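Trainee: For reference, the chains in residue letters:
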Amino acid sequence: MELDKIEEKDLKMGKANQDVFSEIMQELAATDRNIIAVTSDSRGSGKLVPFGKNYPKQIVEVGIAEQNLVGVAAGLASAGKKTFAVSPACFLTARSFEQIKNDVCYSDNPVTLVGISAGVSYGALGTTHHSLHDYAALRAVNNIIIVAPADNFETEQAVRLAAESKIPVYMRYGKKAMPFLSQENKTFEFGKGRIVREGEDIAIIATAETVYPAWLAAKKLEDEHSIKATVVSMHTIKPLDTDLLDQLAANGRPIVTVEEHMVNGGLGEACASYLMQKGMHNKFKIIGIPDEYTVTGSQIEIFNHYGISEEGLKNTALNLLNQ
Amino acid sequence: MTDKELKLKSVFLRKNLLKYIYKAKAGHTGGSLSCVDILNVLYNRVLNVDPKNSKNPNRDIYIQSKGHCVEALFVTLADRGFFPESDLETLCQYQSHYIGHPTKKVNGVEQNTGALGHGLPICVGEAIAAKLDDKKHRVFTLLGDGELPEGSNWEAFLSASHYKLDNLYAILDNNKQQITGYNKDVMNTDCIREKLEAFGWSVKDVDGHNLEELEKALNSGPFEEGKPNFIIAHTIKGKGISYMEGVTKWHHGVPSPEQYELAVSELTEAGSLI
Chain A
1 MELDKIEEKD LKMGKANQDV FSEIMQELAA TDRNIIAVTS DSRGSGKLVP
51 FGKNYPKQIV EVGIAEQNLV GVAAGLASAG KKTFAVSPAC FLTARSFEQI
101 KNDVCYSDNP VTLVGISAGV SYGALGTTHH SLHDYAALRA VNNIIIVAPA
151 DNFETEQAVR LAAESKIPVY MRYGKKAMPF LSQENKTFEF GKGRIVREGE
201 DIAIIATAET VYPAWLAAKK LEDEHSIKAT VVSMHTIKPL DTDLLDQLAA
251 NGRPIVTVEE HMVNGGLGEA CASYLMQKGM HNKFKIIGIP DEYTVTGSQI
301 EIFNHYGISE EGLKNTALNL LNQ
Chain B
1 MTDKELKLKS VFLRKNLLKY IYKAKAGHTG GSLSCVDILN VLYNRVLNVD
51 PKNSKNPNRD IYIQSKGHCV EALFVTLADR GFFPESDLET LCQYQSHYIG
101 HPTKKVNGVE QNTGALGHGL PICVGEAIAA KLDDKKHRVF TLLGDGELPE
151 GSNWEAFLSA SHYKLDNLYA ILDNNKQQIT GYNKDVMNTD CIREKLEAFG
201 WSVKDVDGHN LEELEKALNS GPFEEGKPNF IIAHTIKGKG ISYMEGVTKW
251 HHGVPSPEQY ELAVSELTEA GSLI
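Chains A and B are the protein sequences, given in the same order.
If you read the first sequence in my numbering, its first letter stands for residue 1, the second for the next number, and so on.
If you read the second sequence in my numbering, its first letter stands for residue 1, the second for the next number, and so on.
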């Protein structure tokens, strides 16, 4: 497998993934009038104000009505439009869950559902605005790809692929600027995780905005403890890259998963389920938001509280190695 | 097809939907009987659809929001040539595509429906797409009055008028009953004309069992330029079978052998009087 690992010297700060989404949407719309964004009073938070100004016939506003958002998007997709339904992930995947299940997935209308400000991006706005259920909910629905890009490169590639996908896609990302965890000119495929750092002692499988703290933790493990960790950006939660899981588990190293999602039903449990059924007995730890009332605070404070951080993940790795 | 043949078709479709519900020992009998005249008129006098080219991009779109009354849709599609009627022998059987709600695996079915309050938002999307592409086809949906309390319908009512979708036709099968009893007792949806007009729709009332009235209304749109069209079809649940008309238990009741024979004889007699 071709590695896509990034060296520290290459690490540079990018934009927020939502800004990349906005740019690529405009680029695609310039040459394809079938590109349509559907919003629920969410064009501002979805960074689609310039898109709406430049392509007023390619944005459909439904107001704050998420069920209708997804139903209308399904109708547009059925009529041949390359439709992106853009709304905060918390509302998009809960309020309109039945529309996603029936009108998009079951009816095979290839809408791209874009969950903005995902996970705990809204921080202190609280649980109403957090999406810690979306991987679990949509993993239980047939006929949808679940993608959580880690950086600008993955976001750009995911948007381009989603526009042409014949299968519905759910894509989610947060609000803050992300460092590039990709080398230039690398390939990107749905369902194929990317190794961003390589080491044989332990594997950290992360997704979306947790890949960066996982990468930092891996570096610290090496610098402070001479422990070499592989870090994976498992950008596609479904379908899961089981070939890569086989490869990671093969040498018996401990595995840590990390996600901005409740520990129930997300990336970690998906990996655990696969590996257990394969008969693998690697030490295994799922890091995410536990099944409790989520602590209040900013995104970074919540991350730190639950150990989704350089220090927290380093300690998790050490504890697992010492068990 | 003459007007007389169209009326006879309604009798034939009623007989057929009862036949397959009776065979399958399952189905939504009362609602299928209340909406089958609407479907007969739609597929034989209104919709520009071609069974041999069912994905023609210029076709009219019909999406049945009250998906549970699929038996009325299936017998109408079969009669119109979308698939052999013999396929319905498998209705609700293991591995059949002919299940208890519409599925796109059946030729002529536009969307998978069955959960209520879903048809209209999808139709809004279809109608917006037609406007964006300057296409002239029309988009139709059939709503049950029992599904009106679903909030998604009201979200879609708002957006249809906001986008001036005069290419959109929502037909209400206003049979006044649902599984628990009368709508007015379960959740009152009275004054539907006033409600829809307040939401910016143009509304017509028709006798939902009068084929001429239905055809006239459905082919006379847009009722007002720039407004979506709403047709309140006043119907009777269980229409055409004396012991089913207006009796709530026939919502998804299946006739016994004796009841089935009586229903067939009543329909045969009704046909002979046309």
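Don't take every hint at face value.
Unchecked claim - Derived EDC-like pairs (lysine to aspartate or glutamate); straight-line CA-CA distance at most 20 angstroms: (1) K57(A) - D134(B); (2) K131(B) - E301(A); (3) K227(B) - E61(A); (4) K176(A) - E61(A); (5) K136(B) - E266(B).
Claimed, not checked - Across the chosen pairs, the derived CB separations fall in these ranges: (6) R59(B) - E98(A): 23 to 29 angstroms; (7) T268(B) - I167(A): 57 to 63 angstroms; (8) I274(B) - D32(A): 50 to 56 angstroms; (9) G80(A) - P51(B): 39 to 45 angstroms; (10) Q277(A) - T268(B): 38 to 44 angstroms; (11) S242(B) - N142(A): 41 to 47 angstroms.
Please keep in mind that the hints were generated in silico from the structure rather than gathered at the bench.
Predicted model, so just to flag it, every value in this text is computed and none were measured.
C-beta atoms are modelled at their ideal positions from N, C-alpha and C, and glycine is treated no differently.
Trainee: Against the earlier hints, flag every one the structure doesn't satisfy and list their numbers going up.
Mentor: 2, 4, 5, 7, 9, 10
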